[in-house]
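> Quick note on numbering: the working numbering labels position 158 of the sequence shown as 158, and the sequence is numbered without any gaps.
By construction, these hints were calculated from the structure, which means they are not laboratory data.
Treat each hint with caution, since some may be false.
Unchecked claim - FRET-style restraints, in silico, Cβ to Cβ:
#1 200 x 18: 38 to 46 Å
#2 239 x 60: 30 to 38 Å
#3 244 x 76: 26 to 34 Å
#4 9 x 147: 55 to 63 Å
#5 16 x 129: 16 to 24 Å
Claimed, not checked - Here are the simulated lysine-lysine pairs, PhoX-like style, with alpha carbons at most 25 Å apart:
#6 63 x 213
#7 248 x 46
#8 63 x 248
#9 42 x 248
#10 218 x 42
#11 218 x 46
#12 42 x 213
#13 63 x 46
#14 63 x 218
#15 248 x 218
#16 248 x 213
Where is the CB? At the ideal position from N, CA and C, for every residue including glycine.
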Amino acid sequence: MIPVERQQQILHLLAERGAISITELTERLEVSHMTIRRDIQKLEEKGRVLSVSGGVSLSQRIKSEPTHADKRGLMQEAKLAIARSAAAQVAEGRTIYLDAGTTSLELARELAPREDLMIVTNDFMVCAYLIDHFRGRLYHTGGQVIRENQSCVGEATAHFLSNLHLDIAFLSSSSWDVMGISTPSEQKVPVKRAVVEAAATRILICDSSKYGKVGTFKVVGWEVIDQVITDGQLPESARDMLAQHGVKLTLVP
């Protein structure tokens, strides 16, 4: 059986089971562990599967992003730790962007006591908090309002961002994998790409539960991301992948 046929067999088994061990794959396909691992690596590079401890699972495709309210209580300790780590990297006098999301809200809380910063955001919850607690310069992007996520998206938002020079962009995502950052929302793509173009440094702040999930629309690949700040539950395969792309990885407890 040639590699393409084996890989199709692996996908077929995963479609039935969701996840399967490497040992079982070697027995079913009658090949070595090394051969199966190479097949899995090829499929993972295409964003089709996700390596897990001792086996492999299908990448999880998401059709919509959770609402702001749904995300608020998820992985809260990790979000707090990620936000503290991110805040420590913001030098004096910087202009930064906070992407929409609950981790960005935690980062806003960490940065609020500082008066030396200029903060730009497309998130209404972030902006509302900073209006009350932050004395530095504050900008909201404007644009089409997405009520569920309490943020702005679309070409108008992207146009505003394209006229800025940002020192650091803190990006969020509900889906990221070996291919990069993706989203189920087409309207978010121009916004995130405009931020990447405008920023000198691009940092993804995202807990590990989002890794291995895939949105329909690709945003950017790893070649334009400088750093990922996430929690220690990130799989070893993901750590290796980021290292191969030269992306700095910061793991928080």
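> With reference to the structure, classify each hint as holding or not holding.
Here is how each hint holds up against the structure:
Residue 200 and residue 18 have their C-beta atoms about 41 Å apart, which keeps the hinted 38 to 46 Å range intact. Between residue 239 and residue 60 the CB atoms are about 19 Å apart, so this pair departs from the stated range of 30 to 38 Å. The given range of 26 to 34 Å is respected by residue 244 and residue 76, whose C-beta atoms sit roughly 31 Å from each other. Checked against the hint of 55 to 63 Å, the C-beta distance between residue 9 and residue 147 comes to roughly 44 Å, which is inconsistent with it.
At roughly 46 Å, the beta carbons of residue 16 and residue 129 sit outside the given window of 16 to 24 Å. Restraint check for residue 63 and residue 213: the C-alpha separation of about 10 Å stays at or below 25 Å, so the hint holds. This hinted pair checks out: residue 248 and residue 46 have alpha carbons roughly 22 Å apart, not beyond 25 Å. Among the hinted pairs, residue 63 with residue 248 is inconsistent with the structure: their alpha-carbon atoms are about 29 Å apart, more than 25 Å.
Between residue 42 and residue 248 the alpha-carbon distance is near 23 Å, which keeps this suggested pair within the 25 Å criterion. A threshold of 25 Å between alpha carbons decides the hint, and for residue 218 with residue 42 the separation of about 19 Å falls inside it, so the pair holds. Restraint check for residue 218 and residue 46: satisfied, since their Cα atoms lie roughly 13 Å apart, inside the 25 Å limit. At roughly 17 Å between alpha-carbon atoms, residue 42 and residue 213 fall within 25 Å of each other, so this suggested pair holds.
A hinted pair counts as satisfied when its Cα atoms are at most 25 Å apart, and residue 63 with residue 46 qualifies at roughly 19 Å. Simply put, residue 63 and residue 218 have alpha-carbon atoms about 13 Å apart, close enough for the 25 Å limit, and the pair holds. Annotation: proposed proximity of residue 248 to residue 218 holds, straight-line Cα distance about 21 Å (limit 25 Å). Distance restraint check for residue 248 and residue 213: the Cα-Cα separation of roughly 21 Å lies within the 25 Å cut-off, and the hinted pair is therefore satisfied.
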